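Novice: So you can see what is in the structure, the chains are spelled out below.
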Amino acid sequence: MVFMQKKNFKLRYWRRSSQILFFILFIFLFLKTDYSGTNELTYAVNILFRIDPFLAASASIATRTFIWLMWPALIFIGLTFFLGRFFCGWICPMGALLDSCHKFIPHGREGRISRLHTLKYYLLGFLLIAAFWGLPAAGYFDPFSILVRGLAVSVYPALNVAATSFFTFTYEEMPAWINMLTEPVYSFLKITILPFRQNYFELAFISLFLLLAVFILEKLERRFFCRNICPVGAFYAVISRFSLLRGKGGSKCGKCKNCMSVCRMGAIDEERNISPVDCNLCLDCVDICPASKISFGYKQNEIIKPSFAVNRRKFIGTLALGTVLPFFLDARTMAKRPDPYLIRPPGALPENEFLGRCIRCGECMKICIGNGLQPTFLAAGLEGMFSPRLNARTGYCEYNCTLCGQVCPTGALSELSMKQKHATKIGNVFFDKNRCLPYAKGIPCIVCEEHCPTPEKAIQFREAQVLNSKGEKVSVKQPFVVDERCVGCGICETKCPLPGQSAVRVTSAGESRNPENALPTLSTMY
Amino acid sequence: MHRRDFLKQVMLWSAGITTAIPSFQIVPELLALEKQPPLVTHAKGKDYYQLVARVLEPLGGISSFVKTGENVVIKPNMAWDRNPAQAANTHPLVVKALVELSLDAGAKKVMVFDRTCNEERRCYVNSGIQEVMATIKDNRLKFIHPDSRKFIPVDIKRGKAVKRLEIYKDALEADTYINVPVAKHHSLSRLTLGLKNSMGVLGGKRGQMHHDLGQKLADLATVVRPKLTVIDATRILLRNGPQGGDTDDVKIMDTVIASTDPVACDAYATTLFDLRPDEISSTVAAYELGLGEMDLERMQIIQA
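So the sequence lines, in the order shown, correspond to chains B and G. Note that our numbering has the first sequence beginning at 1, numbered continuously upward. Note that our numbering has the second sequence beginning at 1, numbered continuously upward.
In isolation and in its complexed conformation, chain G is listed as follows (with noise of 0.2 Å):
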């Protein structure tokens, strides 16, 4: 954001309530991002169960996000029907650890769930993930296929290229919604982080939003909100992506980034590509709509 810009929104805002025209939003993160730089973590390990809760220390761990009593999404890419060391899908022991964590700090309901690409239960079961959720002894878990029945429409009003989606209600209702996408390449958008990711809460026909996928994630990031992204990079699918399926396409980074400015945490994750942040046109366009920063000058970046 720059100053120029945040002052225009400030005296809009100013304007609007003087005038009593109610059509003048401010954007409130806008005035937040003013305050401080967005804290960008990244951890490196074998461990990496471990690695989750190393990577969540500088960010306050996770009672700062997770409080009890609440209830909490975690969102994994699991939209493919590959194992976890064809890197396609979120790695299972980051999805173990971070809802034993939420479970820790004291959450009513931790639901996990993802809209597949391929057969739903084929991609649970190849992903690992429900392997591992299944040792998770805790009826607070809710391991669950979407119910088609709660997709519903939404409204996007400040979306520029998309003006309505189906989105799922949990993820809307949740206290605390954790992004957990894998960091892979993908043929149009480049790369698929975490505002990529959220597509696994649309219902409809996702694939009419390929044409100008960019703002289109940037418009989908402006209802759905994560508190916390988390993006797996333990491992990082260099072709073929969305989904791979050869071994040989996969680089081992034992990296895991966190941050709860989702656009920061991305344009991170880009690094490691040896991509920049601008040439991702998700990234631009969430940064373009005040969704967070992209610059990397302008991050706080902590190796945890």
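Chain B on its own, in the form it takes in the complex (with noise of 0.2 Å):
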């Protein structure tokens, strides 16, 4: 059965509407990914990460368990058995961008099998192994966590912050008339592209570098990182070993060359063997030979003898590695005792459970309405990097909000009733009576008391006679926190008016999550 191979009939054309489509798709979901005047999300914004499977298994893989939010994935590999690596050519976000950006990135040689083709079996095999001995490190090779991280705490914000400033400078500097033009733009902006409000993250630049660097590596070569680094592509590749559907070469043709010259993944040679593992099936060489004598049809298994070309020995090494590594995890003194600062967002699992879960992909971050979110830089550990922590100083958690816990891919925050959100303890604050004002200073301040989101406040007052600066003798509201009340939500140390540092601090001390973590009661002894 061979189809496909009607030369006025370009081929690439569907191929690059359903890169279009696919990535208008993603831009969809990814604007979605905010609040949209209910708590409840109406689209599944997610859905690109639980339709990966190598997210699928390396949570899975991490956590022992199979991961039922991350059933999509079945479909598709379901899918690469009939036809190949299409993810890859026809759906991937990464791919369109990378190929649409193609033309503006100076490359090196095309065609060509890569001699680094073979790495990214090695780190696939790394990876999965890691995960299940206890170091989760699949987000920082994942497309779609490199590219909706960089995206999220990057990109996106650095939009809004250059539209503001254009629209600024417009309506400050300009006359009347232009800013009859350009208020109606900017308006129109906000309500369709532009974030609700500006947010700003922590490892802004990090993410930004390393999304940045899969587009640098087009240089080398073509699809560089989809070819040699990828992980899902290693996946789906070894899925395709055994596809259906499969491009034929020619036996009698011009050998010109065009197909292998052509190629975007390098998956033809000097013969036009075509290679099922790393074709994606974006019909470029069916369109573009002159003799017509490339066809993708069923069947032809016997066309080819795949390899991957992995030396075993090299491949038991990794995996060796994979094994000893995470051992020198629980070497570090965070292993003892973790980093007090790190408050993992509500509905956080146990700690080791959560790493192995979360796939940095930042959708927590994105959606999080207090910007109180942010990448972990090492508190976590290296392995630790880019997961969610609240940094209470800039944001907050939002008393009445559970959109983190719906948002993520992969049940590393278990989404949370509202009844069980408020009963969830992310942490706990202490007051440094140094620095709080009517403690320190004798000056009233009620801000953290006034914003503490509790029904029954967990920050309260003892009033107290205490001496100002002058020596006058005053009388102000003490705060102290109610810790049985206390949630951690941070919106104290958000809004605590002194400059710099806060006077009330949020600690993960008292924290659901983790009994080892409990806060010393008057009733229990320590």
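You may find that some hints are simply not true.
Stated by the list, open to error - To give an idea of the interface, some chain B residues facing chain G are shown, with a C-beta separation under 10 Å as derived from the structure:
{"#": "1", "residue": "38"}
{"#": "2", "residue": "40"}
{"#": "3", "residue": "41"}
{"#": "4", "residue": "168"}
{"#": "5", "residue": "248"}
{"#": "6", "residue": "398"}
{"#": "7", "residue": "401"}
{"#": "8", "residue": "451"}
{"#": "9", "residue": "470"}
{"#": "10", "residue": "473"}
{"#": "11", "residue": "478"}
{"#": "12", "residue": "480"}
{"#": "13", "residue": "495"}
{"#": "14", "residue": "498"}
What the hints assert, rightly or not - The following residues of chain B were derived to be distant from chain G, with all beta-carbon distances above 12 Å:
{"#": "15", "residue": "308"}
{"#": "16", "residue": "443"}
{"#": "17", "residue": "513"}
What the hints assert, rightly or not - Straight-line distance between alpha carbons at most 20 Å, and here's what the computed DMTMM-like set of lysine to aspartate or glutamate pairs gives:
{"#": "18", "chain 1": "B", "residue 1": "473", "chain 2": "G", "residue 2": "212"}
{"#": "19", "chain 1": "B", "residue 1": "441", "chain 2": "G", "residue 2": "246"}
{"#": "20", "chain 1": "B", "residue 1": "495", "chain 2": "G", "residue 2": "138"}
{"#": "21", "chain 1": "B", "residue 1": "477", "chain 2": "G", "residue 2": "279"}
{"#": "22", "chain 1": "G", "residue 1": "109", "chain 2": "B", "residue 2": "173"}
{"#": "23", "chain 1": "G", "residue 1": "150", "chain 2": "B", "residue 2": "183"}
{"#": "24", "chain 1": "G", "residue 1": "150", "chain 2": "B", "residue 2": "432"}
{"#": "25", "chain 1": "B", "residue 1": "470", "chain 2": "G", "residue 2": "246"}
{"#": "26", "chain 1": "B", "residue 1": "419", "chain 2": "G", "residue 2": "246"}
{"#": "27", "chain 1": "B", "residue 1": "419", "chain 2": "G", "residue 2": "248"}
{"#": "28", "chain 1": "B", "residue 1": "190", "chain 2": "G", "residue 2": "147"}
{"#": "29", "chain 1": "G", "residue 1": "142", "chain 2": "B", "residue 2": "183"}
{"#": "30", "chain 1": "G", "residue 1": "150", "chain 2": "B", "residue 2": "269"}
{"#": "31", "chain 1": "B", "residue 1": "495", "chain 2": "G", "residue 2": "166"}
Keep in mind that the hints were calculated from the coordinates and are not lab data. These figures come from a predicted structure and were not determined experimentally. Positions of the beta carbon are idealized from the N, C-alpha and C atoms, including for glycine.
Quick one: dock chain against chain with the hints and give me the complex.
Specialist: Written out as structure tokens, the structure reads:
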């Protein structure tokens, strides 16, 4: 059975349309990853991660359970058995971006099978075995994690900075007739693509560089990342070995090698054999072949025997490395005492399981309406980079919001009901009496108490007579925290009017997910 | 205003004119206050929408505040991510009534906004105000989130505790500014009423207002001048203010209070909590700045 061979009918347009369509869908879902007027999400905004078989495998292996949330990945595994790596060529938003940027990035050689193309298999093997032994690093290499995280914490906020600066300039400096033109544009952009408010993120630059690196590698080779690094691609490649739909090169042809040089995946060799493990079915070769010798069809398994060219000894060595390295993690101080300011979002699983599942996609940070969730740098170790934490000085956890748990594609943050959320303690606050105004200066201030969201406030006062800085005796209300009520949302730390560091700080002490972190009480001995 | 102070002002004023020294400023409202005791109206009833029109009647109805072609700003309290039953925000029906009355009176534009404490969109939605605003199909109504570019620095010339604040441009430029606070408990100022509600038009770091809050609110009231204050006391929050969250802390009062005098309006509302006006520092400070009356004896209080 052979089809897709008509010359006058450009097959690549179909592929391109598919890429554009799925990219638009991807951007649409990215923009919809936001509060929409109700606390319930109306779209499956995290679907891109849930169809990713590599992330599903990694998170499932790390937690030794099948993560049902990621069942859609099974569909794509199944489809790959029929269609090969069609995902990479027709659907992947990262691939679509790379293809669309191809013309603008000065590039090196094309075609030709890369010497590095086996790297991705070693990487895949390493990532999966390391995940099993407790070193979760899938999120550093997964293309969607890199893409969404880069967009969410870096590109998108920067886009808003640019737009706001421009329209503030026109608003303040330009004559009225220009504003008649610019203001409607700004309003339109605000309700369509711009974020509701300016968010700020730690690691904005590192996230951007990781994303840019994927594009810079394009200089070395077309689709360098997809050919040599992408663990999702590697996962699909393994399945594609058995795929039914395959390309077949012509046996008698003019040897123009156009197909070989046009192939973005380097899947075509000197003998015009098309390797199903590398081919992403872009169909450019079909279109370009002057003699129409190339065709794609089913039941062509006998055509070539694809090989991964993976060196068995090296592969076993990689697995051994993935097994040994995790033991070093527990040799660090944080294994004995975790960073006290590492406050995980509400619904976060116990730390090891949390990190095992967390794919560093940045969805929770994108949707956090208080701009409280930030990518962690080194506080959770090298393997915990980009995992979410609450930085309560720049943003807080909104009391009646449960969006982060809804958006998490792997269940690293469990979905909480409002009642559960109100009962979940992510930390506890402490007052620094050397800085807090009513304690340190005798100046009245109640901002923390005013904002404390628990119905019966977790921050209470004691009336006290103190000397102020002039030596006068004044009566002030001094705040203290009632541990049983404090949920650790951090709004007090965000709103504390002191410049610089807040006089009230959240720590992870007392967090619900870790009984070892329990706070002392009057009734229990410590 | 005491007669003696009044005479003193008049003398200074005359002296100022005769010696042509511009630094002597006569405060116009001091003169106005001597003329007539301020009128404070209050009305009680279950129909909150209808209550608003009723409470405005003795004041001459909405038409004495909103004229045809005017820009109107209606400033409710919708600072918190709380629902109407929790009494942290102005009741949606009270806001709706004021908006519709203003539109009917021929306003060119009616703006409704607040700078919130919790996340902006959540507050607008959960307060119930967004929902009722959506039912008003009139494009003269602008129910908006404040635009950060429009907070402009304003010198508070008469300010005693604060000299400069960032204030929302539309609030300053409105032909008619209507302040619609909800009456509720507050741990520092004891109550939050009309003067406190004006903090919703401030930009910048509002937390710093809390040192010497009463005086700073009075200072703010010298530049943010509502033509009309309507206090929503349909249900009041007695404890755990200003955001509450527990309906056990809420008392149903079914009352709305209105006045052109922002200080008198606050002073009267204080009595609903069994407190005296002089226990509220902002009321006292505003009175001392001559912004209005705080002595209940010298007000004309009418039940509408």
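Novice: So which hints don't hold here, by number, going up?
Specialist: Failing hints, ascending: 2, 3, 5, 9, 10, 11, 12, 16, 19, 20, 22, 24, 25 and 30.
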